[in-house]
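Turn these sequences into a full structure, and let the hints steer you where they fit.
Residue numbers (my numbering), protein chains in the order written: chain A, 1 to 303; chain B, 304 to 490.
Bear in mind the hints are in silico, worked out from the structure with no lab data behind them. Misleading hints may appear alongside valid ones.
[What the hints assert, rightly or not] Have a look at the derived ranges for each label pair, beta carbon to beta carbon:
(1) A:Leu271 with B:Lys459: 42 to 48 Å
(2) A:Ser63 with B:Asn411: 36 to 42 Å
(3) A:Ser63 with B:Pro474: 26 to 32 Å
(4) A:Pro124 with B:Asn468: 27 to 33 Å
(5) A:Leu101 with B:Arg457: 54 to 60 Å
(6) A:Ile289 with B:Leu313: 53 to 59 Å
(7) B:Gln386 with A:Ala248: 47 to 53 Å
(8) A:Ile289 with B:Asn411: 57 to 63 Å
No residue lacks a Cβ here, since even glycine has one placed at the ideal position from N, Cα and C.
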Amino acid sequence: MATAIVTRIVFIVVLPVVGFSVAVLFLGLSRKITARIHRRYGPPLYQPIIDVVKLLTQKENISHGILFDVGILLGLAGGLITIAFIPAGGIHPLSTSGDFLVVLYLMLLSPLGLALAAGASENPNASIGVSRKLILALGYEVPFLMAALAVMTRFGTTSLVEIVAWQQGSVLDWAAFVLPLPALATFLVMPAMLGIRPFDFAVAPQEIASGPLVELGGKYLAFAAIQGALHTYIVVALFVDLFLGGGANMLTFFAKMLAVFFVGVCINAVLPRLRVEQGLRYLWKWPTILAFVGLVIAVLRRG
Amino acid sequence: MDREEILKTLKSPANWGQKYSLWAVYFCTGCGVVEIPPVITSRWDAERFGVLPMATPRQGNLFLITGYVSVKTLGAIIRTYDQMPDPKYVVGFGSCPVNGGMYWDSYNTIKHLDKYLPVDGWIAGCMPRPEAIFVAVVHLWQMIDKGIATGYERYKENYEFYEANQRRVLPHLPKFGGAETNEGPNG
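As structure tokens, then:
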């Protein structure tokens with residue numbers, strides 16, 4: 001009993017660190033892959049670490065009041081705690097029944113923290129960025145929640161560990177093959193959830209000077225960058241857990257994550273940015289229709 | 304990374320970060336900025352040096368003054384520079400910030416940028432080629448290693464000098480009281 005508790009505590013501490021390392025590695029890879037797609041040489045693989053070290057060791061950190069500091073920390077904490085809930089290849093320190101619902105709520109904590117900081121910075125660009133981010137969230141939450149509901153209905157559980165356990169047979173047991181339409185819908189909204197092109201209008205550097213991040217510098221930008229890396233990990237890991245059968249161990253889990261992330265990077269490297277209303281129209285059209293049909297089929301098959 | 308580099312990194316991670324992650328403020332002052340798009344895109348790929356364009360001064364630590372500086376632009380440059388967090392490096396790009404260049408007798412441009420802001424290095428030429436930016440970046444790395452790229456400290460130590468010069472050409476800047484005056488730029 002005591003060893004079980006100690007193991008659990010160790011995993012709660014270790015999992016965010018592992019998640020952060022994997023996410024940073026993925027970000028480095030994404031910059032390298034993007035560069036190669038653009039026929040450039042690209043930065044070294046560890047460039048995101050250099051950037052974060054630089055930001056953390058900056059001599060001056062400009063704050064805009066207590067809400068600004070708290071908002072950044074809230075976003076970071078939201079990312080760290082969400083990772084502990086997501087099963088990563090057999091390691092799931094905080095799994096309970098209904099942890100999928102908890103994850104769906106906690107995933108909103110990071111954007112809200114950033115919105116709080118952006119509001120405290122009183123920069124008009126930050127306000128525009130936050131409102132665009134909320135519109136984007138409104139766009140992808142509808143199809144994503146319907147796809148999530150289809151998964152819950154099909155497997156009859158709200159526990160991520162049980163959802164992963166249901167898919168452990170052959171490859172054909174993966175939810176991507178059991179529930180092809182919700183899987184496709186979630187895959188289509190994933191660039192929006194990650195905030196990458198063509199859905200990066202919330203942080204568009206050329207239009208609104210990087211939106212919510214406009215007043216962040218030094219340590220604040222470092223924390224925001226770490227939170228962004230954690231968010232990438234959360235979204236990709238959740239997709240792998242829900243539709244690609246999780247992983248028997250960490251290695252297969254991260255390999256599947258890398259495959260999904262690679263496709264996302266390729267999309268990011270070649271597509272231009274959509275406008276806000278174009279993005280919303282797309283998100284509420286094809287992914288929503290697919291997710292809805294998938295949900296209806298899942299409900300009918302169950303009943 | 305070779306072995307010496309690793310030792311240097313362990314000695315001072317801050318220097319390592321400052322060197323290889325120079326984020327340039329994406330601020331177009333003059334005609335020299337036409338050289339920046341080829342530098343940051345596929346042809347010359349500044350990202351392999353860790354140089355990225357940043358949209359806001361809060362995120363940047365490298366300030367390229369690209370081309371001539373008109374008096375009105377100088378106000379924006381000073382505001383931008385004041386908003387950047389330390390440590391920050393200023394590089395004058397092209398002949399005009401050095402000594403006025405072909406605008407040496409213009410009524411509306413400033414001739415010597417280093418009277419108004421501390422400049423860490425110059426890239427001479429009209430226009431300098433994109434490769435010159437990489438030469439400047441590598442030179443800036445060596446200066447950071449030796450600890451002589453300290454323009455931001457000189458700015459604080461000699462603030463009276465810089466402030467007097469700034470106030471002379473730009474008395475209406477917000478930091479000098481904020482109110483617009485009837486005096487012209489040379490008044």
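Practice task
Determine which of the earlier numbered hints do not hold for this structure and return their numbers in increasing order.
Solution key: As far as the earlier hints go, not one is violated by this structure.
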